[in-house]
Amino acid sequence: MSTDDLQLRHVMLVFRHGDRSPVLPRLGKNIVMDEREKAFWAERLVTSDHESILDKMAKPAGLTRNDPPPTNAHIIGGGWPNGYLTQLGSEQMIAHGKAMRAKYDTFLADATPADLFVRSTNVPRTIRSAQSVLYGMFPEHLDSNDIFIHLDENCRLSMGKQMDYFNMSTKLKSRRHESPVKDIEALERLVQESAGLEDGEDVKWSFLREILVCRKAHAFPFPDGITDDVLEKALEHNAWEWHATLGNKPFLKEAFGGGVQEVMGYLLTAKQGASSHKLTVLSGHDDTLTALLVALQLHKPGVQHLMPSYGSMIVFELWQSKIHVDEWFVAATFDEDNIFFGTHTDSVFCPFRDVEALVKAFHED
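Residue 181 in our numbering is what sits at position 167 of the sequence shown, and the numbering runs on without skipping anything.
Among the clues, some could well be false.
Cut-off 25 Å, straight-line C-alpha distance, at most; resulting in silico cross-link-like pairs (DSS-like, lysine-lysine) [said to hold, decoys possible]:
1. K187 to K43
2. K285 to K175
3. K336 to K70
4. K285 to K336
5. K52 to K230
6. K374 to K285
7. K374 to K267
8. K112 to K292
9. K314 to K263
10. K117 to K336
11. K196 to K185
12. K285 to K117
13. K70 to K52
14. K43 to K185
15. K70 to K112
16. K117 to K263
17. K374 to K314
18. K267 to K185
19. K314 to K196
20. K43 to K230
21. K263 to K292
22. K263 to K187
23. K175 to K263
24. K263 to K185
25. K314 to K267
26. K175 to K185
Pair by pair, the computed Cβ-Cβ distance ranges are [claimed, not checked]:
27. D119 to D81: 24 to 34 Å
28. D242 to R79: 18 to 28 Å
29. Q311 to D166: 23 to 33 Å
30. K43 to S158: 47 to 57 Å
31. G261 to P153: 38 to 48 Å
32. R50 to T359: 47 to 57 Å
33. G261 to T359: 28 to 38 Å
34. F265 to E370: 16 to 26 Å
35. D166 to D213: 37 to 47 Å
36. G261 to G287: 33 to 43 Å
37. K43 to K374: 30 to 40 Å
Think of the hints as simulated: they come from the structure by calculation, not from any bench. None of these values were measured; they are calculated from a predicted model. The beta carbon of each residue, even a glycine, is placed where N, CA and C say it ideally should be.
Assemble the whole structure, with the sequences as input and the hints as a guide.
Here it is as C-alpha cells:
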C-alpha cells in the first residue's frame, strides 16, 4: 500500500498547547512562586502586540459561528500569570503550523476559511495555541474575519478535574514497583527533601513535572538538589503514572468517552461526505493526547509510554483508495513519527473499519 494508490481526503491535527508558565504556584516549602517569579513569568507571556495579530487570525465563538464564546474556564492553580501561553509557546505553535502547511501544501493549496473547522478547550492557552497554529498555516487569511474557534463550557476534549492530579501519585503508590524508574523510592526521598515537603507527604509528580519543564525552558533555576537527571526520571515515572491511570478502562470511558466519540466523529463525517472541511484543528492538553493514545491503542514501536510535551501533535490522515473507492484508511503520526493502531503494525495505513472496531471495543463494557 502506498500513497500512489490512495487519495488524501481529510487531515485532523490534535495538539497540546505550546509552552506556558507554571500552573501550580507552590509545591512544598522550597518551590514557591513569589512576586519576583511572578514578574519573571509575566514578562514571558504572549505580548499584547502579538495578541492583536492572533486575534485577527481567528475569533473565539460558541458551537456555531453566530454563538458568543463562553467565559473562559477556571485555571487550576490560580490566576494570571499562572498557566498562560508564553511568547515562546506561541512561536513554537506558529512553527508547527508552518511545518504542517509545508507538509500538506498540495492538499491545502486552495484552502479557504470554509475548509477549516477549529475546536479548542475553553482555556486561554489552548485558544492562543490554536490561533498560533492557524497563523503559521494560513497567514494569507489573517484579516479574513471568517475563521472561528469553536468553544463550549463542557468541552469533551479534556478530562479536567477527573484526572485528580492532586491525588494521582498517592493512589498509585502501591503499584510503584511497576514504574520504569527503578530507584523511584530514593528519587522520591530526594524530591521530598529538595522541595521541602511535609513529613509523609507524597510527591505530586504531575505538578513537579510541569513546574520543572517550565523552568528549564526559560532557564529559571531548579531548587537545590533537583537536577536535569531528576527531571528526566520524573518525566519517565509520571508518564507511567498517566498510562497506569488511563489504563483503567472504566475510568477512561467515563472521563473521555465523549472525547473519543467527538474525535472519531470528525473522521466519520469526512468519510461519509457529510462535512466539506479539508482540515480539522483540535487544540487541547496533555490529557487530550494521552487519552486518545490509550483509547485508540496508538503506540510507537520501542516506546513504552508516549507522553506529549508542550506543542506535541497527533495528526490523523484520512485516505481513500483510488481503485476501490469504498475502501478507506487512517494514518497517524505523533510528533512526525508514525504510530500504529492496536496490532495493525504492518502498514501505516490502517483500514478505517479496523479503527472503528477499536473504538467500538473501547465503548463496550
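Evaluation of the provided hints:
1. For the hint linking K187 to K43, the alpha-carbon distance of about 22 Å falls within 25 Å, and the restraint holds.
2. Pair hint K285 plus K175 does not hold up; C-alpha atoms about 33 Å apart against a cutoff of 25 Å.
3. Between K336 and K70 the CA atoms are separated by roughly 39 Å; this puts the pair beyond 25 Å, and the hint is violated.
4. At roughly 14 Å between alpha-carbon atoms, K285 and K336 fall within 25 Å of each other, so this suggested pair holds.
5. Restraint check for K52 and K230: the C-alpha separation of about 16 Å stays at or below 25 Å, so the hint holds.
6. A distance of roughly 17 Å separates the Cα atoms of K374 and K285; the hinted pair therefore holds under the 25 Å criterion.
7. The hinted pair formed by K374 and K267 meets the criterion: a straight-line CA distance of about 12 Å does not exceed 25 Å.
8. For the suggested pair K112 and K292, the alpha carbons sit about 17 Å apart, so the restraint of at most 25 Å is met.
9. A C-alpha spacing of about 20 Å is found between K314 and K263, which places the hinted pair at or below 25 Å, so the restraint holds.
10. For the suggested pair K117 and K336, the alpha carbons sit about 21 Å apart, so the restraint of at most 25 Å is met.
11. Under the criterion of a C-alpha separation no larger than 25 Å, the hint pairing K196 with K185 is consistent with the structure, at around 19 Å.
12. Proximity of K285 to K117 is assessed by CA-CA distance (about 21 Å); at most 25 Å being required, the pair is judged to hold.
13. In summary, the hint linking K70 to K52 is not supported, as the alpha carbons are separated by about 28 Å, beyond the 25 Å threshold.
14. Taking the CA atoms of K43 and K185, the gap is about 23 Å. The hint holds against a cut of 25 Å.
15. Between K70 and K112, the direct Cα distance comes to roughly 17 Å. Compliance with the 25 Å bound is thereby established for this hinted pair.
16. Taking the CA atoms of K117 and K263, the gap is near 35 Å; set against the 25 Å cutoff, the hint is violated.
17. Between the alpha carbons of K374 and K314 the distance comes to roughly 22 Å, so the proposed pair stays at or under 25 Å and holds.
18. For the hint linking K267 to K185, the alpha-carbon distance of about 19 Å falls within 25 Å, and the restraint holds.
19. A distance of roughly 23 Å separates the Cα atoms of K314 and K196; the hinted pair therefore holds under the 25 Å criterion.
20. For the suggested pair K43 and K230, the alpha carbons sit about 20 Å apart, so the restraint of at most 25 Å is met.
21. Of the supplied pair hints, the one linking K263 and K292 is violated, its CA atoms being roughly 32 Å apart against a limit of 25 Å.
22. Our distance criterion of 25 Å between C-alpha atoms is met by K263 and K187, whose separation comes to about 19 Å.
23. Between K175 and K263, the direct Cα distance comes to roughly 17 Å. Compliance with the 25 Å bound is thereby established for this hinted pair.
24. A C-alpha spacing of about 16 Å is found between K263 and K185, which places the hinted pair at or below 25 Å, so the restraint holds.
25. Taking the CA atoms of K314 and K267, the gap is near 22 Å; set against the 25 Å cutoff, the hint holds.
26. Between K175 and K185 the CA atoms are separated by roughly 15 Å; this keeps the pair inside 25 Å, and the hint holds.
27. In this structure the supplied range 24 to 34 Å holds for D119 paired with D81, their Cβ-Cβ distance being about 33 Å.
28. Between D242 and R79 the C-beta distance comes to about 46 Å, which lies outside the given range of 18 to 28 Å.
29. About 28 Å separates the C-beta atoms of Q311 and D166, a value consistent with the hinted range of 23 to 33 Å.
30. Checking the proposed 47 to 57 Å range against K43 and S158 shows it holds: the Cβ atoms sit about 51 Å from each other.
31. The hint said 38 to 48 Å for the Cβ distance between G261 and P153, and at roughly 41 Å that hint holds.
32. At about 51 Å, the beta-carbon gap between R50 and T359 stays in the expected band of 47 to 57 Å.
33. The hinted range of 28 to 38 Å is not satisfied by G261 and T359, whose Cβ atoms lie roughly 20 Å apart.
34. A hinted range of 16 to 26 Å for the beta carbons of F265 and E370 is consistent with their spacing of about 23 Å.
35. The hinted window of 37 to 47 Å between D166 and D213 holds, with their beta carbons roughly 44 Å apart.
36. In this structure the hint that G261 and G287 lie 33 to 43 Å apart at CB holds, the actual value being about 36 Å.
37. At about 50 Å, the beta-carbon gap between K43 and K374 misses the expected band of 30 to 40 Å.
Hint check: violations occur at hints 2, 3, 13, 16, 21, 28, 33 and 37; the rest are consistent with the structure.
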